[in-house]
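Same order as they appear, the protein sequences are chains A and B.
For what it's worth, this note's numbering labels the leading residue of the first sequence as 791, then goes sequentially.
For what it's worth, this note's numbering labels the leading residue of the second sequence as 791, then goes sequentially.
Because the hints were derived from the structure by calculation, they are not lab data.
Treat the hints with caution; some may be incorrect.
[To be verified] Label-pair distances were calculated between CB atoms; the ranges are:
#	chain 1	residue 1	chain 2	residue 2	range
1	B	1066	A	1034	27 to 33 Å
2	B	998	A	1075	24 to 30 Å
3	B	1100	A	1055	36 to 42 Å
[What the hints assert, rightly or not] Straight-line alpha carbon distances no greater than 30 Å define the calculated DSSO-like cross-link-like pairs of lysine-lysine that follow:
#	chain 1	residue 1	chain 2	residue 2
4	B	1146	A	1062
5	A	995	B	821
6	A	995	B	961
7	A	1068	B	1146
8	B	1063	A	1133
9	B	1028	A	1133
10	A	1062	B	995
11	A	1062	B	1133
12	B	1146	A	995
13	B	1146	A	1063
14	A	821	B	889
15	B	1062	A	1146
16	B	821	A	1146
17	B	995	A	995
18	B	1229	A	1068
19	A	995	B	891
20	A	1028	B	1133
21	B	1063	A	1146
22	A	891	B	889
23	B	995	A	889
24	B	889	A	1133
25	A	1146	B	1028
26	B	995	A	821
27	B	1133	A	1063
28	A	891	B	995
29	B	995	A	1028
30	B	821	A	889
31	A	1146	B	995
32	B	1133	A	1068
Just so you know, even glycine gets a beta-carbon here, dropped at the ideal spot from N, CA and C.
There are 2 protein chains.
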Amino acid sequence: MKDLKQYIVQHQDRFLEELFSLIRIPSISSKEQHKPDMYKCASRWKELLIKAGVDHCDVMETKGHPVVFAQKIVDPTLPTILVYGHYDVMPVDPEELWKSKPFEPEIRDGKIWARGADDDKGQSFMHAKAFEYLVQTNQLPCNVKFMLEGEEEIGSTNLYEFCQQNIELLKSDIILVSDTGMIAFDIPSITTGLRGLSYLEVEVKGPNRDLHSGLFGGAVANPINVLCNMIASLTNEKNEITIPHFYDDVQVISSEERALMAQAPFNLDAYKKAIDIKEIHGEEGYSTIERTGIRPTLDVCGIWGGYTGEGSKTVLPSTAHAKISMRLVPNQKSEKISAMFQKHFESIAPPSVTVKVMPSHGGEAYVSPIDMIAYRAAEKAYTTTFGKRPVPTRSGGSIPIIAGFERILGTKAILMGFGLESDAIHSPNENFPLENFFKGIETIPYFYKFYAEMMKEK
Amino acid sequence: MKDLKQYIVQHQDRFLEELFSLIRIPSISSKEQHKPDMYKCASRWKELLIKAGVDHCDVMETKGHPVVFAQKIVDPTLPTILVYGHYDVMPVDPEELWKSKPFEPEIRDGKIWARGADDDKGQSFMHAKAFEYLVQTNQLPCNVKFMLEGEEEIGSTNLYEFCQQNIELLKSDIILVSDTGMIAFDIPSITTGLRGLSYLEVEVKGPNRDLHSGLFGGAVANPINVLCNMIASLTNEKNEITIPHFYDDVQVISSEERALMAQAPFNLDAYKKAIDIKEIHGEEGYSTIERTGIRPTLDVCGIWGGYTGEGSKTVLPSTAHAKISMRLVPNQKSEKISAMFQKHFESIAPPSVTVKVMPSHGGEAYVSPIDMIAYRAAEKAYTTTFGKRPVPTRSGGSIPIIAGFERILGTKAILMGFGLESDAIHSPNENFPLENFFKGIETIPYFYKFYAEMMKEK
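With the hints as constraints, model all of the structure from the sequences given.
Spelled out as structure tokens, the structure:
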């Protein structure tokens, strides 16, 4: 790659300023009030992609937030790479825990600090700049399409329909995604599996109004106590999920594959120290890597009910609520699991309360085979720029639309993530190390090169 | 009582306007921002008591909110009644459930709607107006002292010390309190027992920051799941509390007394209908009246953790919190129970989290014997104005300072409550029926009369 490192160094300040212009737009997809920001962010992406060298770019409407689509077709007979990313971000609360403002990016200690710095503005923007380099230096070896959606963090609600309606437009040989992480900067890795997701909200309702906990306490079911009992009953003492038939479809991983996984570099002490916990905790019979890689989970992502303000209030509340996420593994179907959860949760409610279960969103798990051309091209690209062969890993996270792409478009995805666990995505103080950002921009062009070469040889 | 009913009718609009002037001051004791309102409310009480005819009135400082003290000594050889009430109120949230603004009292359907309409501005103000009547018509048969505190809803934190420092000033033969309820307007009752209270806040802390529930879920303990498990384990399938030795000191009620209690009028269908529940729920082996009257409880008054906003966020939160109240019965000691809870809660925490238990406030249970003079005087007063003999009942609520009065001042209290269960104290849409308010003003003077007569005969 001619002058690649030099090109990056020469333009690095501009790259950052352009990225910051995206970050500064608070494109929180889950909040109605940010609707105008979604359009602002999509338009800014359009400007930046045109500047980077695409033939044309459109902000395309959906029933929800718009999709940014762009392409550069150099030769219809060459392979086509579809770059997928998302311009929406997670909410920022609890905001008081942020050391700098979430939408005012700052560089400190060699890292970019902001919501979206990694997930996924920082990571998806690496592609725009890798593409710019290839175009500006006349080295683009294949056709490129860009698709940036605004609903990844809320389950890509409308992107499934968008894909169905634009199968021709989105036709490609491989979908290239940077929305995952790597083990460490000195242990490059490629994500070969993602978990699926079922996300639901539940409400337990007792009396028709908040009651005095003295006058009624002991005689009337307390919805918070009941919700706690119900949630507690969803797992057993082995930390297994107790919903009947929950594990029926779980892909059983062979002991050979588990032995292979156990060889991946993992330091338990460093893991515990990084998040400051004394002990890990999870399903009996599985290692930490297996617990996030190949086993499903049930986590309460939020709970609320009764008086939560300063001081005390003796109240027996009318309702209690929780948001529950289940991470799923290959062969588990999100809709089936959500329905299973709903039926079970309703069935365990005592007669003293009424229960509402509201499925929110979900998606299927995804597996990326390590013998496909795109994997081999990515492996060679990392080896070139990082100086060592990347490790295949399974992520515990979910990008439900990736399985959707395979189902609707018939196209596999390669997950070239450059994030680190310490990037605190979805958390306060999200960050993205500058070296990862620039190393991503340096690695991606090699993927284009090796992928085009290997496709030609095929 | 000369022209008593006529006096009330003649002055009823002024009585209400004066009460409303107290209600309009948002004297929420648990919120620092309302500190100035506490002084405003105390001053307003002082004006109203002076207007009603006390010899003098002081707003007396404590380490917390001030105490209003007033007295009228007609003859030191006559008995002295100490009227106790509180001018502080509970928080109002969830405010969106109020049909009219909590601090703008409205009369609708024959009721006063506002925070404090019953608890305890409405009820304590009946005493000011009953006293006014006796003074204005020269019928006051004994000495009267008033003590109104501003911290009842937060555990009367500083009133204990205030009592210790003012034993002489507060000397009386009986403490008269209207801060409880009656069974129904057509079933007058006198509260002969109150439950004690232990109120605590707990925090479960897992990782040092909110984590991505995909990348970490399954391998790191989720503080919300853990908190739910811990809370669920505090009660068993018989709805008994599982804290070791929790029931050791509970006063065992004889089967004779339980049989007597069972005769109190109680309509289970009406009870369920009033709060719109399908089934009651409580400790096995006890009736609803017993569950709130003679048995201790454990209720979660508030719980929060993780993402509780609109939409979804897949997060494994760093912390989860709950506010827990335990209602206690005679012989259980609040401090002992709080310490027992703390020790037990810390002991059941898994090693994957750290737990903090912060005792908030508490107080002892209280029993008022039905053979004391004050009870007989109160019984005769209700019989005179309601036309039927009141029923002795045990309330599930707590007024911890009442047991404190007995311990520090050596004085018993008589609980002449005129509230109804439907008054929704501590809830949105608190209310107080006008007929209860005026009936209270009518009944209290008779208590003075009969109490003074019976004390003379003693």
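Violated hints - listed by number, lowest first: Going through the list in order, the structure violates hints 6, 16, 18, 22, 24 and respects the others.
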